[in-house]
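Novice: Each chain, letter by letter, is given below.
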Amino acid sequence: MRDMLKITDLAVYVDDVCLLEPISLSLREGEPLTILGQTGSGKSLLAQAIIGLLPDELRLVGQVEVLGKTLSLEERRALWGREMVMLPQEPWHALDPLMKGQEQVKEVYQLVQGEDKTTAEHKTRLDLAHVGLTENGHKRPGQLSGGMAQRLAITAATAAGANLILADEPTKGLDVTRRDDIVRLLQARAEGGSLLTITHDVAIARQLAGRLMVIKGGALVEEGEAKQILNQPTDDYTKALIAAEPKQWPEPKLAEVGNTLVLEADTVAIERGGRTLFKDISFSVHQGEVVGVVGDSGCGKSSLGDALLGLLPLQQGQLKRLSSASKPHQWLKLYQDPPSAFTSSVSLQQLLDDLVRLHKLDRSRIAPLMARLSLPEGILERNCLSVSGGELQRFAILRALLLDPVFLFADEPTSRLDPITAQEVTELLVELARETGCAVLLVSHDPDLVSKTCDQVIRLS
Amino acid sequence: MILRTSQWLGLSLLLGLLLFSLLGITLSPYSISQQDLNAILVPPNAEHWLGTDHFGRSMLSRMAHAIGLSFALGILCVVTSAFLGTTLGVMAVWAGKRVDQALAVVVNILLALPGLVIVLLFAAIAPGSFWVLYIAISLVQWVEYFRVTRAITQGVIQSPARQSSNMMGFGTWYQFKRHIWPAIAPSVFTLAAFGGANAILTMASLGFVYVGIQPPLAELGLMTVELFPFYSEAPWLLAQPLVVIALMVFGFHLLAGKRA
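Those protein sequences? They're chains S and P, same order as listed.
Residue 347 in the numbering used here sits at position 346 of the first sequence, and the numbers go up by one each step.
Residue 87 in the numbering used here sits at position 42 of the second sequence, and the numbers go up by one each step.
It cannot be assumed that every hint is accurate.
[To be verified] Label-pair distances were calculated between CB atoms; the ranges are: (1) S:139 with P:163: 44 to 54 Å; (2) S:386 with P:234: 15 to 25 Å; (3) P:147 with S:91: 36 to 46 Å; (4) S:319 with P:140: 56 to 66 Å; (5) P:227 with S:405: 21 to 31 Å; (6) P:280 with S:348: 55 to 65 Å; (7) S:265 with P:147: 39 to 49 Å; (8) P:227 with S:241: 36 to 46 Å; (9) S:91 with P:155: 37 to 47 Å; (10) P:218 with S:83: 52 to 62 Å; (11) P:49 with S:123: 52 to 62 Å; (12) P:155 with S:359: 36 to 46 Å; (13) S:386 with P:172: 51 to 61 Å; (14) S:359 with P:49: 29 to 39 Å.
Calculated directly from the structure, the hints in this document are not laboratory data.
Treat the numbers as computed from the prediction; the structure is a model and nothing was measured.
Ideal placement from N, C-alpha and C gives every residue a C-beta, glycine not left out.
Bound-form chain P, shown alone (with noise of 0.2 Å):
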């Protein structure tokens, strides 16, 4: 795949934010729960180099931890729902009515409830649990890699080139590799790009109305929430998480490219 100027920026962009958080979470002397009441809401300095918070703990440590934590659910969730998705599609198609039938009726389930709804759903059942988040989001996110490679796989099966692989004697994993994957490969990627941004914007406006992760961890949403009560004493810290999370969309969305 050939990446556009645009994507090498979205690519570098999230590159970037990753390193940051791999050296932050490595290299900062402090936890992310150290506090140091001597030493709240200070500037960016020597020592904090992107200050403290409400409680004295260093922004560095937590930004680089949140950031972290955003990363994995992201990534989790985008290699989850698109492996579900894909194949889920590609069977609907495939593996006769009865399957498809059977997807649909889920599908049209999933897709009568607001994702954040079913989000919040399971977040309410377990707060703060990473992993109930991200089966959470990657079960809202398949739908759309479902809809749109069972719509693509439709056209593929019946193409003279698959019937004509097929009666050649080549296997289920042949037919796959050779006419439907390229077929379904450019879409799958952009819904991946915008679906990580997703994924990353949910877990902080969970996070935002405390159902997500809870404190004392650093999660860009929570942050968001603890600092906001110091936005005229300490706007940098509020500034902090707001500019990170539109920076990682940014980077997602521009990654995502445009389909000519």
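Next comes chain S alone, as it looks inside the complex (with noise of 0.2 Å):
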């Protein structure tokens, strides 16, 4: 086995400040590499580091060899495409919105391999077939799932011939079933070549096998052959990551809930663009009760959400607020992008203000519910685009229970967080939601996360 990629005491500096400690690898044929780590621990720097893609002001020490060579960044700019590429996040970001999935295709063998047009189209029609799109060639890429936007996505990237794959993130947003499609994709590229994947998820490293390294704040913190260190890991840190992944979650102590009745749904059928998403869906929601909604990704739970806050139109049956005495605003809802849900105009201090000053709220209440949620006092300061997406969270579940809120509806609240502050935030919902005896509607694309933590499952399909 030879050594693809090969990475010595590589290090990223801006100014002074070493953002990733030096880090050495070696990534053999055939065997995939996998880099696990918590949000904001440099991971993508390294990606980008290899690549050659970092932006300017920050600089770059150590060396990087491809196929036994030390190159330079011009010569790996040169390599991109016909011997490694990077995988996009979002592949949103990465397709061409106005253009057919099988052009995109077609166009990296027209393009970078020079091929004619008719080889071009046999080529990207088998590799199509090889994705499962062929019903989905013509469609552009708004038109297609996140999931299949990302095998077209993947496609396209690796029709130039590269085998040397990075892939930053490559699952993000996806739900469970996409997710292990796109890693046997990835997989599957991968052979003859080799794979580099950095992740924050404990499935897909598992998944990968190969080789594992694990980071923590810009240094390593254990490596060696993925099974064994996530069967045995040694670091506290290593367990931790483990231990954050819903399935190891431990068993929810199941709360003796209220018989107090917050709402009632009898026969809901909801429709979104002429389609029906769901019908005859029936529950009731009790005082202090978390209510889980599973489904994959475009089966409604979210809209569920949405028309049981009134923000929805039901297209069926009848919705029943039973608790006379709420009012509309102690109705709210969890978004799934903390940083979308808050103006960025003014700092966080004035949004508390604002809402302390509209409900005439008890200032007095704002300091302990900070500590519970450990909340830094330093971050009101600062508006929500300066704040990391597990603080904005929790600062959006104090927001939320300032109004003593009697339903929350929570849409997919953690997805975007890393898996121990997920853990963090959705433990800290449970438990404020039983204390104070506010109804939670938890929406998740992962059935584990749900079964850990509700009293009650509606399961969409």
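Taking the hints as your guide, dock the two standalone chains into a single complex.
Specialist: Laid out in structure tokens, this is it:
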């Protein structure tokens, strides 16, 4: 087995601050390497440094060898597409929104490989059939689901024949079944070459097997065979990462749920864009109860929550809000993508002040809640763009709790957070809901997460 | 808002012209119509700093008044059309489909006619009236603000951030102040700067074809056409209104800045 990629003491600095501590690794032919770490641990910088896409303000130290030769930045750039390729994180940002899928693959054959039109078309057809997109080749990226778009992006990216593949969070925002598809596709693509995957998802590391490196805060913590590390982690950080997987969470303590009904849904049906998403769904929600909603992407999980909040009309059925004393502002929502749920025009402090003034809240409640949610004092002076996702989601919970919510719809509140933060946020949310008697509707694409936290589960298909 | 160097330059240019106009109007001993037929077409000298025109009127007084008039019209038009366009643009998104459709009809009618034709039409109804010019130019210009505001607001209205504020019980004004205005403000500012330049150019064009402000008032376009016959005898006179128009437009365009 020869080394496809060898890195010696690679480090990234901005001015004199070290963002990624010196790291050495080698990627052998036919043996995938996975780098596991929390968000903000410098993982993405590593991938950008290897491929040569670091922003200009960052300084790179160390050596990168590709196929046994030490290459400079320009030489590495010359290998893009043909020898090595970096897969996009979010396919929507990588694909041309106005161009049909098959054209985007064909273009690579024609312009990079220099093949004539018929050969390129033929190869494109084969490629698309290989990833199960034959039927969808004529669609534009906007008409594809997240999983399909990612498969298309991978096909287009690897069409030029690169067999050294760097994948940075290739399954971000995809649900479990789609995630497995993508991982299998990556494995297949990397045959005869090699695959370097960067992820925060322990499940992906387990699936890819091969070698594993665990990174924390820009420094290497543990390295070795993936199977061995994941089954017998020696480092505390690795243990924490593995324990944060919903599958490994402790069994839920089933709290006694109050008898007071908050909401009753009777044979509800919802349509979106002329298509009925689901029908005949009936359930009731009690005070302090955590209700989970699971189902594949696009099955209407979020639409159900929106309908319960009155943001979407019902096609059929009835909703009864049974807590008569509740005011409209006590029915709230936590959003999937925390930064998009806040305005960036003012500081978080200002947002809190606005709320306090509007509802004449007791200001003294803020400090204990902040402590409870372990929000540092300093974050209030910043705006939502300069606070981490986990902190912002906890701030969103804080803002909701100040209004004494009766019902909280949490729409995948942790899917964009890394596992350790996700576990913290979910646990806090459930705990606080039980304490305050607020009913929570928790939507998630991860069945494990729901089964470990919820008192009642609604399955949509 | 932080201004770049070029925007500061544009702003100081405009303020400089405004200052010249105000000082000229208050301090010049000559009125704009005071003739001295013994001193026509004289070059700049100690008594008439910018010379005199073909009727022996002080160019300094006339330029000062003309610049003041252009600024007054430009600023009035910008404020009116920005306010109208932004308000209606936000309303089109927020107040439901009916309002949106009704506004779309009005906007399409205005867009179908060339702006200058509408202004000419109004100017022909009441020649020489400053207020009719003002109404006509504002009527043409608000459409741009409307379209830009409407497009941006559509995104903001759908955003989780606005939805969240709405659910928490915040009112219309709060949602506008915190969510919509921060999103549209940079575009409105840029449009306003270009709009100021356009209003001034439109008024000058109308003056140039004699349907705008009427003599004996001083107006940049009117002065250009009045002084045109003397371009070989007294080129310095014709140059004055032309240079000032160019400087004003240049100043507004610099102020608009470069969008990153």
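Novice: Decide, hint by hint, whether the structure agrees.
Specialist: Hints versus structure:
At about 46 Å, the CB distance of residue 139 of chain S to residue 163 of chain P agrees with the hint of 44 to 54 Å. One distance hint, 15 to 25 Å for the beta-carbon pair residue 386 of chain S and residue 234 of chain P, holds here, with the actual separation near 21 Å. The beta-carbon spacing between residue 147 of chain P and residue 91 of chain S, approximately 39 Å, falls within the hinted interval of 36 to 46 Å. Distance hint for residue 319 of chain S and residue 140 of chain P: a CB-CB separation of about 29 Å, inconsistent with the stated range 56 to 66 Å.
Between residue 227 of chain P and residue 405 of chain S the C-beta distance comes to about 29 Å, which sits within the given range of 21 to 31 Å. For the pair residue 280 of chain P and residue 348 of chain S, the supplied restraint of 55 to 65 Å holds, since their beta-carbon distance comes to about 58 Å. Separated by about 41 Å at the C-beta atoms, residue 265 of chain S and residue 147 of chain P satisfy the suggested range of 39 to 49 Å. The given range of 36 to 46 Å is respected by residue 227 of chain P and residue 241 of chain S, whose C-beta atoms sit roughly 39 Å from each other.
Taken as a hint, the range 37 to 47 Å holds for the pair residue 91 of chain S and residue 155 of chain P, whose Cβ atoms sit roughly 40 Å apart. Between residue 218 of chain P and residue 83 of chain S the CB atoms are about 58 Å apart, so this pair conforms to the stated range of 52 to 62 Å. Taking 52 to 62 Å as the suggested C-beta distance range, the pair residue 49 of chain P and residue 123 of chain S conforms, at roughly 53 Å. Separated by about 39 Å at the C-beta atoms, residue 155 of chain P and residue 359 of chain S satisfy the suggested range of 36 to 46 Å.
Under the hint 51 to 61 Å, the C-beta atoms of residue 386 of chain S and residue 172 of chain P, about 54 Å apart, fit the expected range. Checking the proposed 29 to 39 Å range against residue 359 of chain S and residue 49 of chain P shows it holds: the Cβ atoms sit about 37 Å from each other.
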